[in-house]
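S.K.: Kindly generate the complete structure, drawing on both the sequences and the hints.
Given next are the chains, with one letter for each unit.
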Amino acid sequence: AQSVAQPEDQVNVAEGNPLTVKCTYSVSGNPYLFWYVQYPNRGLQFLLKYITGDNLVKGSYGFEAEFNKSQTSFHLKKPSALVSDSALYFCAVPLGGTYNTDKLIFGTGTRLQVFP
Amino acid sequence: NAGVTQTPKFRVLKTGQSMTLLCAQDMNHEYMYWYRQDPGMGLRLIHYSVGEGTTAKGEVPDGYNVSRLKKQNFLLGLESAAPSQTSVYFCASSYSGETQYFGPGTRLLVL
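Heads up: the sequence lines are chains H and Y, in that order. Take the first sequence: its position 108, counting from 1, is numbered 110 in the numbering used here, and each next residue is one higher. Take the second sequence: its position 38, counting from 1, is numbered 191 in the numbering used here, and each next residue is one higher.
No wet-lab data here; the hints were simulated from the structure. Some hints could be false.
To be verified - Pairs of lysine-lysine, DSSO-like flavour, derived with a Cα cap of 30 Å:
id	chain 1	residue 1	chain 2	residue 2
1	Y	Lys-210	Y	Lys-167
2	H	Lys-51	Y	Lys-224
3	H	Lys-71	H	Lys-60
4	Y	Lys-224	Y	Lys-210
5	H	Lys-51	Y	Lys-210
6	Y	Lys-210	Y	Lys-162
To be verified - Pulled from the structure, derived: some chain Y residues nowhere near chain H, Cβ distances all over 10 Å:
id	residue
7	Thr-160
8	Met-180
9	Gly-216
10	Glu-232
11	Ser-233
All values reported here derive from a predicted model rather than from experimental measurement. We put the beta carbon where it would ideally sit given N, CA and C, even for glycine.
M.R.: Here it is as structure tokens:
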């Protein structure tokens with residue numbers, strides 16, 4: 003079965019420091035992996051996705067994610083955090099497998115708090 | 154473009170009452186979804202649709218019904234609300250199923 007895990011409920015980081023939000027996955031076949039962000043009182047917004055190719059994927063708002071097949075991880079990163087990055091971050095994979103992307107399954111979310 | 158809109162934004166129901174949540178999208182997307190978001194559980198898929206006139210069950214469909222009579226609209230119905238259905242409901246749409254666009258959410262409180 004397809005699944006993702008976000009091991010940290012919350013990540014705290016000082017503004018200007020690098021940030022990492024962790025995600026591990028379990029999928030059959032080649033993984034498609036996604037990151038979404040939810041700002042307070044808003045719906046989720048797409049950040050980036052990995053389908054194939056380079057292991058480092060660049061997305062919106064200066065975020066990037068590193069795909070690591072041996073560790074089955076897809077961690078979200080940003081070199082220098084901003085207070086405005088404070089939000090809830092979700093990792094996701096297709097529920098039906100690599101070639102059935104009409105549904106996504108989301109992780110439980112990680113709250114990122116960036117302190118001034 | 155308004156994107157994905159949801160009506161209403163907030164609603165309070167008594168146990169046993171019924172209601173319908175409306176989702177509308179103006180992006181001509183084929184796929185539409187209803188999720189519920191609960192603390193510590195992330196987003197869970199209730200029902201979804203891969204095109205006008207089609208619906209399918211997601212992870213947590215019990216107690217909900219949906220209809221997709223028009224391509225741009227996806228309705229979520231609660232026939233007899235229960236306190237366990239207190240949640241924040243999100244609608245989303247997608248062209249291909251991968252990148253989904255979410256509405257602002259509906260907060261539902263069932264007393």
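S.K.: Is Lys-71(H) close enough to Lys-60(H), meaning Cα to Cα at most 30 Å?
M.R.: 17 Å, holds
S.K.: For the pair supplied as a hint, Lys-210(Y) and Lys-167(Y), is the alpha-carbon distance within the 30 Å limit?
M.R.: Cα-Cα ~25 Å, so holds.
S.K.: Taking the closest pair, is the beta carbon of Ser-233(Y) still more than 10 Å from chain H?
M.R.: 27 Å, holds
S.K.: Verify that the Cβ of Thr-160(Y) lies farther than 10 Å from every Cβ atom of chain H, and report whether the claim holds or is violated.
M.R.: 14 Å, holds
S.K.: Does the alpha-carbon distance linking Lys-51(H) and Lys-224(Y) stay inside the 30 Å limit?
M.R.: OK: Lys-51(H) and Lys-224(Y) at ~26 Å, within 30 Å.
S.K.: What's the verdict on Lys-210(Y) and Lys-162(Y), does the C-alpha distance respect the 30 Å limit or exceed it?
M.R.: Holds: Lys-210(Y) and Lys-162(Y) sit about 24 Å apart, inside 30 Å.
S.K.: Just checking, Gly-216(Y) versus chain H, shortest CB gap more than 10 Å?
M.R.: Holds, because the least Cβ-Cβ distance between Gly-216(Y) and chain H comes to about 19 Å, which exceeds 10 Å.
S.K.: Was Met-180(Y) rightly flagged as not at the interface, with every chain H Cβ beyond 10 Å?
M.R.: The assertion about Met-180(Y) holds, with a minimum of 13 Å to chain H.
S.K.: With a cut-off of 30 Å on the C-alpha distance, tell me whether Lys-224(Y) and Lys-210(Y) pass.
M.R.: 18 Å, holds
S.K.: Hinted pair, alpha-carbon criterion (30 Å max): Lys-51(H), Lys-210(Y). Please report holds or violated.
M.R.: Cα-Cα ~25 Å, so holds.
S.K.: Run the C-beta distances from Glu-232(Y) to all of chain H and say if the shortest one exceeds 10 Å.
M.R.: The assertion about Glu-232(Y) holds, with a minimum of 24 Å to chain H.
In the structure shown, no violation is registered for any of the earlier numbered hints.
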